[in-house]
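Enquirer: Sequence:
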Amino acid sequence: MLSITKEFTFHAAHRLLSKNLSDDENQRIFGDCTKLHGHSYRLRVTLAGTADENGLILNFSSLKEIVQREILTRYDHADLNSLAEYHEQPPTVENMVCTIFRNLDEALSCERFSLESVTLFETATCWATKSRHA
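In terms of my numbering, the sequence shown has 1190 at position 52, counting the first letter as 1, and numbering is strictly consecutive.
Keep in mind the hints are simulated off the structure, nothing from the lab. Where hints are given, some of them may not hold.
Computed Cβ-Cβ distance ranges for the label pairs, DEER-style [as the list claims (entries may be wrong)]: (1) S1160 <-> S1247: 22 to 32 angstroms; (2) S1200 <-> K1173: 35 to 45 angstroms; (3) S1200 <-> N1158: 11 to 21 angstroms; (4) A1245 <-> H1225: 15 to 25 angstroms; (5) N1192 <-> H1225: 21 to 31 angstroms; (6) L1210 <-> K1173: 19 to 29 angstroms; (7) G1176 <-> E1223: 31 to 41 angstroms; (8) S1247 <-> R1212: 28 to 38 angstroms; (9) E1191 <-> L1221: 23 to 33 angstroms.
Yeah, the Cβ is synthetic: ideal placement off N, Cα and C, and Gly gets one too.
Can you make the complete structure from the sequences, with help from the hints?
Expert: Right, dumping it as structure tokens:
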């Protein structure tokens, strides 16, 4: 199987809080992340499939347009807690990567290739990955 990966960056702020927990419980679980803070996120999107007659799984510029439209226009310089998908769940890197995968999977539906994985780096040393087969 052949795969391609493209990396993107965006900047966003959030607070980690669960509406179902008390202030003390949120503080115990999320610590200082209950305070509003920001990250410079790195997003890696990997497609797997077969190359077309031009030798491409998907042109990187087309992948960029799709990710821009589906994710970056909403996430870049956003307060993540204000996005609808995080009203009922905190915007942890785990929840975010699952949501991003779901959104991109719908947008990248094709017979020749599929979304293989999405990796979201919250910092240089902390990230989460959602893959199709895991």
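Enquirer: Check each numbered hint from earlier against the structure, then list the numbers of those it violates in ascending order.
Expert: Hint check: 1, 3, 5, 7, 8, 9 fail, others pass.
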